[in-house]
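What follows is the residue order along each chain.
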Amino acid sequence: MKSKTIKVDYLARVEGEGALLVKIKGQQVTDVKLKIFEPPRFFEAFLRGRKFHEVPDITARICGICPIAYQMSACHAIEDAFGIKITGPIRDLRRLIYCGEWIESHALHVYLLHAPDFLGYEDAIRMAKDHPDDVKRGLRLKKAGNEIVRLLGGREIHPINVRVGGFYKVPDKKEFSALAEELKWARDAALATVRWVATFVFPEFDRDYEFVALRHPDEYPFNEGRLVSNKGLDIAVREYDQNFIEDHVSHSNSLQSRLKERNSYFVGPQARYSLNFDKLSPMAQEAARSAGLGPVCRNPFQSIIVRSVEIVYACDEALRLIEQYQRPDQPAVNVEPRVSTGYGCTEAPRGICYHRYRLDDRGLIVDAKIVPPTSQNLKTIEGDLWQFVQTHLLIQKDKLQWQCEQAVRNYDPCISCATHFLKLHIEPE
Amino acid sequence: MALRKPKLAVWKFSSCDGCQLSLLDCEDELLAVADAVEIANFPEASRAVVKGPYDLSLVEGSITTPHDAERIHGIRRASKFLVTIGACATAGGIQALRNFKDVKEFISIVYARPDYIETLKKSTPITDHVFVDFELRGCPINKYQLVEVLSAFLNGRKPNTPPHSVCVECKQRGTVCVMVAHGTPCLGPVTQVGCGALCPAYMRGCYGCFGPKETPNTAALSAWWSGMGVSERDLMRAYRGFNAYAEPFRKESEAHEK
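As you go down the protein sequences, you meet chains B and D in turn.
Here the first sequence is numbered in the working numbering, starting from 665 and rising by one per residue.
Here the second sequence is numbered in the working numbering, starting from 4 and rising by one per residue.
Because the hints were derived from the structure by calculation, they are not lab data.
Quick reminder that beta carbons are idealized off the backbone N, C-alpha and C, glycines included.
Each statement offered as a hint is correct.
Derived Cβ-Cβ restraints for the label pairs, each shown as a range: (1) Phe-866/B with Gly-177/D: 52 to 58 Å; (2) Gly-199/D with Arg-926/B: 48 to 54 Å; (3) Ala-222/D with Val-1003/B: 32 to 38 Å; (4) Pro-69/D with Thr-694/B: 28 to 34 Å.
Calculated cross-link-like contacts (lysine-lysine; reagent style DSBU-like; alpha-carbon spacing at most 35 Å): (5) Lys-715/B with Lys-124/D; (6) Lys-671/B with Lys-124/D; (7) Lys-54/D with Lys-807/B; (8) Lys-125/D with Lys-715/B; (9) Lys-715/B with Lys-174/D; (10) Lys-107/D with Lys-715/B; (11) Lys-1061/B with Lys-8/D; (12) Lys-161/D with Lys-54/D; (13) Lys-800/B with Lys-1063/B; (14) Lys-689/B with Lys-1063/B; (15) Lys-800/B with Lys-838/B; (16) Lys-54/D with Lys-793/B; (17) Lys-254/D with Lys-1033/B; (18) Lys-1043/B with Lys-124/D; (19) Lys-943/B with Lys-838/B; (20) Lys-943/B with Lys-1033/B; (21) Lys-124/D with Lys-83/D; (22) Lys-807/B with Lys-174/D; (23) Lys-924/B with Lys-1033/B; (24) Lys-161/D with Lys-125/D; (25) Lys-174/D with Lys-833/B; (26) Lys-668/B with Lys-54/D; (27) Lys-800/B with Lys-161/D.
Kindly produce the complete structure, drawing on both the sequences and the hints.
Okay, structure coming up:
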């Protein structure tokens, strides 16, 4: 029987080192492996014995693309352990810096990593020769997101201003005036982005996913809420470990997460959007509708539209937060260590990022658990590839391989995070 | 005949991807850089791969697996100049904290099936394995210093990246000393500049992400910290951060380890 293999030794336009292997025998897909060969870095191990105030700075180093996500989840988990709840302007500033990271990370993925797949370019630099205005708009949009992070965090990558209890220093309202002007441009550019990506051709694809995201009664989720799904999950963050499990499989340096009761699930922009459409701002909802999206989106190839809608939302929300900002008297609230376990889960650009810390009376970490978004999506990505390849067997191999890579990039996987991801090998038997 | 554009390659080892992201974060300079060089290998940004040899290789990340310890030699052989970028590549990174412990214990803490994991006992900088033409410090690197290094190597000159301490830059930008004025412990006196003296400007002590300055007097700084009431264990932890395995910081942390 004729067999073939699709093999990608080093997946490009993803963060980190992964490979893909799909085996096909006759008319049947026989194996799909997303291999993660990014070497392990053992964050959970060397966090033991570190002081609580070091944790946001250390865990930021898990990922250079979404350090804010790690800082936010770490702070919320430790504050949960110490019995602190952050409210008012400090809470708003955390939401604002997260808007910055979503804009920066989503613009990077939409323009530099994903759009070249739809338009048939190896990369955005080559795409820029034919589409210079689009690429320039993407870069400026990305820069606007980075400007928020830089202003509040000190620098774009591994910001230095986030601490347990708040910030080291908070800005005056007048420091936001130049940024607000640029964000007004960025919001228009984000609307233009939605219009642009809506013109792309999307493969027909649909699966009955279980979407998992935070849900908050009053707002589109960043830092707080309950963990909910479209199949009945509705739990507090501290019940995460009772509902989710991580498996270690031989082909991966990442752990793969699944729901104990139902198996694989889907986190990230599409899950957030499909579970929280009603919480988007009217402008973001209107942008989604005009791009032809309903309140639920189940085609992962359309994730690029959802990501663009989230950029609109993040710009809109950032402008709202800046408008109402009043400088707090203190940049942070006081924290007192106590023997306790704390849980935190926030919405990283790629989906929920869960942290759990056990601390002693001196505020030293006794035990840490960190679950990044990408390791939660690995089983779902492999599932997509099984179905996609099976229903597209007649496509020419080179094109099929590219589309398999694209199917992986739908999830904006961050392998660096997950290793603590993936390689397309379509291998002949 | 048109001159051939220099070939630039970007390579990744164990890291968070933040330093190579710095190149994509040069939003205003990226298309100009891409015009001046041929991006021959940069998987984070492109599917296209051009074979070596390469005029300039940027290497991010530390060596932590037997496979990577082999791979770096091939990259060195294919590269006219090899520049390491970031604390992982120049000092082993935060993952070098394993170097002070038993890595087997680390694996069993994180992974249910330790037998699936292949790793070396130590996380080491690139310079421990091959000759390195220039090391660009930082966790993360400063993107303007990166553009300076690219420009320097492509034009055959030495990069201008000062080796002095963070203190000098605090004075230049007029930041009040957090240690003198507020009694906040700060690694600025022994840490190389490059970040723009950020932390003191945000009312916190420097935590050493650019690694040791040239000829740092860590013992004198530790004595100051002790005088401010900092415990031996906290001193050890302070040096044991993102550049823990850089020699001056490693030795100083060991001096305070009981």
